[in-house]
Every structure is written in C-alpha cells, then in structure tokens.
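Visitor: Produce the complete structure using the sequences and hints provided.
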Amino acid sequence: MKRLRMAPSAYLWLALAAAYFLIPLYATLDFSLRENKVGTPCCTLHNYGWVVHNGDFWHTIKISFLLALETIVISLALFVPTIYWVHLKVPRLRPVIAFLALVPFIVPPIVMVVGLLRTFKWTPHWFYAEPWGFLATAYVILAFPYMFFSLDAGFRSIDVHTLTEASQSLGAKWTTTLFRVILPNIRSAALAASFLTLAIVLGEFTIANLAAFHTFPIFLQYVNESQGFPAGALTLLSFGITWAAMLSLLLVGRKRGTRSAVIAGAR
Amino acid sequence: MSYLELENLHRSFGSFKALNGINISLGEGEFLSLLGPSGCGKTTALRLVAGFDQPNEGRILVEGRDQTGVPPNRRDMGMVFQAYSLFPNMNARQNVEFGLRIRGKHKGEGRGRVDDLLELVGLTHAVDRYPHQLSGGMQQRVALARALAIEPRVLLLDEPLSALDAKVRVQLREEIRRIQLELGITTLYVTHDQEEALAISDHVAVMYGGVIEQMGTPAEMYTAPATPFVAEFIGTMNRLDSRVVNGEVGEVEHSGLHLHVDAARGRRNGERVLVLIRPESLELEAATNGTAPNSFAGEVLTQTFLGPVTRVKVTGSGTSLIADMSTARAAALPVGASVVAKIPSEGAKLISLPDDGPGLPVLDPDDQ
Chain A
28 MKRLRMAPSA
38 YLWLALAAAY
48 FLIPLYATLD
58 FSLRENKVGT
68 PCCTLHNYGW
78 VVHNGDFWHT
88 IKISFLLALE
98 TIVISLALFV
108 PTIYWVHLKV
118 PRLRPVIAFL
128 ALVPFIVPPI
138 VMVVGLLRTF
148 KWTPHWFYAE
158 PWGFLATAYV
168 ILAFPYMFFS
178 LDAGFRSIDV
188 HTLTEASQSL
198 GAKWTTTLFR
208 VILPNIRSAA
218 LAASFLTLAI
228 VLGEFTIANL
238 AAFHTFPIFL
248 QYVNESQGFP
258 AGALTLLSFG
268 ITWAAMLSLL
278 LVGRKRGTRS
288 AVIAGAR
Chain B
89 MSYLELENLH
99 RSFGSFKALN
109 GINISLGEGE
119 FLSLLGPSGC
129 GKTTALRLVA
139 GFDQPNEGRI
149 LVEGRDQTGV
159 PPNRRDMGMV
169 FQAYSLFPNM
179 NARQNVEFGL
189 RIRGKHKGEG
199 RGRVDDLLEL
209 VGLTHAVDRY
219 PHQLSGGMQQ
229 RVALARALAI
239 EPRVLLLDEP
249 LSALDAKVRV
259 QLREEIRRIQ
269 LELGITTLYV
279 THDQEEALAI
289 SDHVAVMYGG
299 VIEQMGTPAE
309 MYTAPATPFV
319 AEFIGTMNRL
329 DSRVVNGEVG
339 EVEHSGLHLH
349 VDAARGRRNG
359 ERVLVLIRPE
369 SLELEAATNG
379 TAPNSFAGEV
389 LTQTFLGPVT
399 RVKVTGSGTS
409 LIADMSTARA
419 AALPVGASVV
429 AKIPSEGAKL
439 ISLPDDGPGL
449 PVLDPDDQ
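Residue numbers (the working numbering), protein chains in the order written: chain A, 28 to 294; chain B, 89 to 456.
Any given hint could turn out to be false.
Partner residues are not named here, just some residues of chain A that face chain B (Cβ under 7 Å, in silico) [unchecked claim]:
1) Thr55
2) Leu56
3) Asp57
4) Thr189
5) Ala193
6) Ser196
7) Leu197
8) Gly198
9) Lys200
10) Pro211
11) Asn251
12) Glu252
13) Gly255
Hints in this document: simulated from the structure, not taken from any laboratory.
Ideal Cβ placement from N, Cα and C applies to all residues, glycine included.
Guide: As structure tokens, then:
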C-alpha cells in the first residue's frame, strides 16, 4: 500500500497549530512551578500543594461536577425523546427547533441571566437559591444548542423510521424501542453532547457569578485575582480533571463489540 | 373461510387518494403479491395491515377479528422492509432473538427456535456478525428470520429484494417461497417486479391508482388480463385498439388491418375493442408474394437479443408489433428485412373499450 506523505508545508502548519495550543500550556506550567518570592530557584510543587489542601477547591469542583452531571442527565432525558419524536413524527418542526437551539448563542449571557433571574423569581427558595435548581435549569438552556446539534446529527445518521417500525412490528413498545434500539445507535452522539455540556458547565462564569453561586470557575477567578502562581497550578489541575472526566464518560458510555450510529442500509 | 381480509380500505393523504376502496380476501397459508407501479398504493395497503398507518375507511380482519385499531406492536405481524432494517447495535443472533426477548421467550425453546431459523435462512456461520459485516442479501435473510421468529400470524414483505443485485434477488425470492411453503405462513408481498410476483405467488393483485385492477393466479393474470392496464403491466403485450367490423365471423379492424379473432365473435358491430396478442403467439417469416389471411406485412425495425429468444419489432402501415422467436431463426430476419407476421385467430384476447373513452394507459418504463 502506498504511504501517504505529508507536504512540508503541512508540517509547518501542524507545528504552528501545536505551538498555539502548547505554548500557553507550557507557560502556565512554568508559572505554576515558581514561588511567590523573588530570587527563589525553579522548581517547586508548593502551588499544587496549596491547591490540593484548599477546602474551597474541593468544595467548588464538587459543586461544578455534580451540576454538570445533573445538566447532562436532565438534557438527555429532555432532548433525546423530543428529537426522536421530531425526526419520527414531525420532521417539519426540525428547522424550528434548530432555530430555537441557536437562541442561547444569540442572547448575551448577561441578558439571559437577568431574564432568568426575573422569570424564576416566584419559584420556591429551594429552587431559586440552590445551584441544583436555578443554575442547573440555566445550564440546560445553555447546553441546548450543543445537545441538539450533536443528537440531531446522531439521529440523522440512522434510519429512525425503519428501525422504529421494525422494532414495533416485533412487539416492542415505544419505551423499549427508544432504550434498546434507538439509544444504543446514537450513543456516540449522546456522548459528544455530554462532553460538550461537561466542558461548558465546568467553565461557565457569567451566570454563576451574577446569580451569586460559588462554583469552580468563580473560585478560579478569585484565586487568579488574588494569588498568581497558585492560579497557574489550579488552571492545569482543572484542565487535567476535565480531561479525566471526559475520558471516564467515554469509558462508561462505550460498549465492547458494538458499532453505533451505523447508517442503516449504507453499504 | 378467509384468514386475512381487507374490507373497502380507503386512505388519502390530503387530496391524494392512495387507496380507493380495496378488498382482498386471503386464505390461511396463501401467498399474495400486491403488484403495481410506483404510487399505486401497494405499500400503503401493506402499512395499513402492519398497523403503521390507519385507514380513513374500511377494516382489516385476521381470523375474523378486527385489527384496524390495534397498535402495530400487538398485531403479531412479522415484517421485512425494503431498507435494511437490522438493528446496528445487535449481531445477527440478537436481531433474530429481539422479538422473542420482548415476549420473554428467548431462553430454552426460544433459543432453539432462533438457531432453527438461522439454519433455515442459511446463516449459521454468521450468527455473531453485526449488520455492517453482512452483505445486503445476508441482511435480508436475517430480517426474514427475525420476522419469522415471533411466529407471526401474517408475514408482510415490502419490496425486500429491490436493493439487491439481480442474481441474489432471484436466489432469495426462491428461498422466501420455499420457507413460506415450509412454514405455511400467510404472506402479503409487495413488489413492482412482475416477474418476481408471478414466480412466487399463489395469487397476484395488480394495483393502479389506488384500486385493484385484477386479482387472480399468476397464470390467469398472464393469459387473461381483464383490463388494458393489466395487459400492459403483466409481461409484454401487443395491443391493437380496434373496432369490430363483423361480429358474426369475429372480424376486427385496426388502422386498415383486418383480422379474424375468435374472441370477437358475437360482439356488436362497431364496438371498440382492444386486441391483445402475446409476442410469443406471433409467427414471423420472410415475406413472399401474396398475402396470407390474418397476417401483417412489414419490415424488421429492431432486434433485441434476450438469450434463447430474440425480440423482433416489426413495423408497417402505421402499426408496430413485437414478436419473440428463437434466436437461431431470428438470425435469418435481419433489421430491414421484409417479413410477414401471422396472427393466430385463437390466441388473441379481447377487452372491451369505451367507445369514446380515454386512450390506453402508458406506463413509465421503470415501472414495468
């Protein structure tokens, strides 16, 4: 077989792209290994120790992770059946939902949070004042476009009509069809949507800040403002933790021996 | 007593009438093909039987019980689809097992049934393969086994072979018939391929414009088409739009060509009739001096090689006829040769046409 050779210019562009991502990471790493004293030699893990032993770090990261999980579960529970139904029964509504999914991109976060705070003002205290209520609701809205476009691509890659009818003709109810036939075949799309939601929730600052919730990005901002060197360590740690979370999601969602999102009939 | 009955089924989509009152009665263990061109309503009828759609009017009965309002998952009807419909996340065995698993019968006897069905469709070597690892023909075999696993009351097949290549199609249609006969399962088969329908069915119903034009055995459909459309759709037919000149002797006239047709005896003089002659009924020979009775003189326009026979198109005096003859004999009648086509008076069929009615139906070549 002929080996594909890359053009020399391709290496150049690849190197430039790698530098674009790696140089800031290296700079942050270098920064995180220094001490807040002039003239001390490189390198020290003191900043990492500070982060690991900081109670606020663990508290806020726990809140953010649980919020991300809640957002993913609510979003999947809401959007998977909805998008399935739209593809199956009312495909003409698809462009309408796609437009609605763009709204969180169009409306600035500051406007959205003010609107949401006013809208949910009447709700009980346990919802309005707790991140698991108000903030999770806001994040479901924020994750809508990522969820919709990922899941929609998944549904479009399978023959929803034929698979559903085949399943029904064999005696399956709607729920059985959804969980045993449809969901396993859009697993990749659901995983991609979950990754994006996780990344968004772990990095969201505006809504949490304006609604006065103490999440991980708020803590990160606080450390960044008050203590420069530990902020570098915190940034890298959060980077690693986010990647580890995504990897674990991937491992949980993957099933050996199967192949998801195969286009039915495409051979 | 009828096992499957479709009573006066109507289905409209907006102003388009997909089904306009069809009636079908099928005995237990019989194989009926719904045959017709695209848009004739055959798939709509099948979907109504499966329960995927509801009729605007009419009833569907199985063993005398009304199934019209029963949801598809409670009808016990196995279906094989035109598109490959295997569940991509399951291997062949799991696909076949699916219906039994839903019913909680996948262990013990059920497992044996899955094995038997996979053997029946000749796929014991591929039970662990996923759909993307199977060819189109193998996928449809698994789909057939899957539909049969639930021991359906009626087996529904919606153009299951249309996506396959010609050789596999012929092979698989024979297998479908073999399995259907072996299991004695009542089967409704939708196809637009008349050869397929004639080859494997007990009965064929030709549909056009949402109605059944004619229903009968394959032999009846071929030898005695009841309408101009059926005559056009089933096989190849020479159709001569004619008038009865002398009903006493059975003489008809078409574009100046006078023919004696037995079937025209007793017809009213001046009646408009369609004379139908199969290409294999015509005898072609090189033109000689003098004109024989019941013959048509013309010249060979085209020759189409079909293997053992050659289809010869003869034209003359504004009329064209098609004749099938052995390839060896056709070699003696090259394109441009003057020939005489002998039309047997007893072989031609006749269909009455309205005196001032519309012209004959013209089919899209893709639908034939």
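Visitor: Each hint should be assessed against the structure and marked as holding or not.
Guide: Evaluation of the provided hints:
no.	hint	result
1	Thr55	42 Å, violated
2	Leu56	42 Å, violated
3	Asp57	47 Å, violated
4	Thr189	5 Å, holds
5	Ala193	4 Å, holds
6	Ser196	4 Å, holds
7	Leu197	4 Å, holds
8	Gly198	4 Å, holds
9	Lys200	6 Å, holds
10	Pro211	4 Å, holds
11	Asn251	45 Å, violated
12	Glu252	49 Å, violated
13	Gly255	50 Å, violated
In summary, the structure is inconsistent with hints 1, 2, 3, 11, 12, 13 from the numbered list given earlier, while agreeing with the others.
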